[in-house]
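K.L.:
The lines below spell out each chain.
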Amino acid sequence: MTASIIGLRHVMWIPALGAVLALGAFEPLRSTQHGDPGLRAQLQLGRALVLNHDCNGCHGGADPASDGWLAGMTRPDQEFLIGPCAFNTNAKPCFHTRPRNLTPDNATGLGRFTERQIFNAIRFGLRPEDTPDVAITSMTPGKGNFPLHPHYLAPPMPWPGWRFMSDAELRAVAAYLKRGLKPVVNKVADSEGPPDFWASEYTVDKIGRYPAPAFPTAKEIAPR
Amino acid sequence: MWSKRRVACTRVMIASLTTFVSVLCLGAVATSEHGFATERSAEPSEDTLAMPAVLKNISRVPGTVEVNLVAAPARLALLPGHVTSSYAYNGTVPGPTLDVHEGDHVIIHFRNGLPEPTTIHWHGLHIPAVMDGSPLHPIGPGKRYDYVFTIPRGTAGTYWYHPHPDVRTGFQMAMGLFGAIIVRDANDPLSKSLPDKLLVLSDNRFRPDGSPDIADPSSPQGEIDQENGREGNVLFVNGQVAPVINIRSGETQRWRIVNVSAARIYRLAIPGQMMLHVGDDGGLFEHPREVSEFLLANSERVELLIRGTSSPGSRTSLRTLSYDRYDPHTRPPDWDTAHDLLSLRYLQSPPLAPIALPAVMRRVRALDTTRVTARRVLVLSQGLINNRTMNMSRVDIRSRLGATEIWEIQNVVTMDHPFHLHGFQFQILDRDGVPEPYRSWKDVVNVRKHQTVRVIVRFDDFPGKWMFHCHILDHEDHGMMGILEVRPPLARSRL
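So the protein lines, in turn, are chains A and B. Per our numbering, the first sequence starts with residue -12, numbered consecutively. Per our numbering, the second sequence starts with residue 32, numbered consecutively.
Here chain A stands alone, though its shape is the one from the complex (with noise of 0.2 Å):
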């Protein structure tokens, strides 16, 4: 599943990215009672991508029954070193990164942050921290209100492939996370990384474009 952020993929650069990306609007925080059928079908959408994207093989938990379901790591294996020491228990630099508490606990958790800072993460990969809870307009860094040094979400987190789930998908896996879980207290030491907050890793040449090309490209076959 983190193949999508190792691969060094070599696309040409096109800027042409600086179409305005209308979000639409996001559903307020009204109840947090499951009486509105669509909220409900809404949280079970978020439920199952979330299920099926395995969101919880990072964050924890066997299944949503679970103890620890997505409530972030617990355990120092469940920790990623990211850099030459993967291979060279020695070797610099060495990053530690760790799967944060995605329940929606203020202190240790994601309950300061708004479903649109949730979106803003998984669709731009901005860390909903550093990241104001506005409609981003431009993919482009330095462009719209993109930011000129953004700060990405530690790898090997794969939103440059999570990304391309629809915009109601990532809504409803922010409306999971946020109004779907009971908060679980679970405070997971800060992720470690470069002082570029990986923005070198994360460029259009390393990670492909958004939208991605038309179908069907050169390399794809269309049927007749």
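Keep in mind that the hints were calculated from the coordinates and are not lab data. In this text the structure is predicted, and so the values were computed from the model without any measurement. Note that beta-carbon positions come from the ideal geometry of N, C-alpha and C, so glycine has one too. Take these hints with a grain of salt, some might be off.
Just so you have them, the derived chain A footprint on chain B, three or more residues with Cβ under 8 Å [to be verified]:
hint	region
1	249 to 259
2	278 to 292
3	349 to 361
Given chain A's structure and the hints, the job is docking chain B onto it.
P.N.:
Coordinates of chain B only, in the frame set by chain A:
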């Protein structure tokens, strides 16, 4: 399963990781580490630490302090041995100290001799908004302005002054513009015979020619400075590197310490002895607190009583211990290194008898939480307060004279943000729900990474627009600031 993932997800990172190793190495070079081993035979009893000059009072009217203050370019050796172009107040760095008493009428004839607009913010003083020197009231190059205000009763303490123009505060302070303010109480509860020492802590980073090294914002160091705030690798006390303070065994000294650094937080300690913490930003509080160390965030002040608890002829130092205020991505490589700030040398003279301290130094009446008129949440994130950057034509918080408010300041990011409110002193209620162990007057609180701090404040006087902001100067200059407007009270109903 885990190990497989670990290997898979790391492969891509390696190719370009070598690039920033060199960046990391650009961090601190020399520190103020130094040896104090050699004892001289002829013992000088004078400190090598010099006090900044005091602004000369040109008024003959009792209760009035009238001074001249000029901000202008100067040729100075900020770094010893390297004369370079800098900015200075009245030609010195630090600028001369404004030394006044409670109740004094203060007139400051200010002239801006800089080639750019500036202001002077009288950090922590409770004075009219138009005199606060906020970015709303810039003084153009070559222009003059008279700052006129009265020092309120009950505000004796240590404050400071510095430029606060829009976007350029960090630059102007790095160039040398800062100075201290001491407000004295005619009936100071601490004996006037205590040696009273002012320690202005600053840091700076220099180019080889000795000029302040202010990195291009688009350079790797510039990007780190924007994250961390600009830290210097040379640490100064009153503009001096590694000065000496002498003390006698048994003696008690009063140290007023001001952190004017752009971003550095000092974790102060004197190895081998405890310190008595007696005052905060707004002056003395009720009971002395015995502490082994004290965390002084940028723009905070602390008053410590330093007691000569060691034997004649010994020596120790005032140090800043390692403190992790940083996001892990931009933590400087030497962040976990301690640095000496000054040497504390015990004279050979026979010990003095220790002095007695008053049981209660100064009452700090608690602001009444039952009279709170508003509770507000301020979320600090990277460069933002409540998701917004500074807009000078916008009011972020509206309040009224006479209001008592609780502000819950939430830091949701992975680095500390020292939060400053202009014009009003507040009291800290709790940090992450843990009640503050003592009560004092504050105008800055360091909100640690992921921490929530609640403060209570009363807007008892002075309507107008007031800034609140992160006091990491790079964050402030990039707009991590908002405006509080305190309006006159509503007219009373005639019914």
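K.L.:
Hint by hint, note whether the structure agrees.
P.N.:
Verification of the hints:
A stretch counts as covered by a chain when three or more of its residues have a beta carbon under 8 Å from one of that chain; for the region 249 to 259 of chain B and chain A the count is 5, and the coverage holds. Under a criterion of three residues with beta carbons nearer than 8 Å to beta carbons of chain A, the stated coverage of the region 278 to 292 of chain B fails, only 0 such residues being counted. Using a Cβ-Cβ cut-off of 8 Å, 4 residues of the region 349 to 361 of chain B lie near chain A, which meets the minimum of three, so the contact claim holds.
Checked against the numbered hints given earlier, this structure breaks only hint 2.
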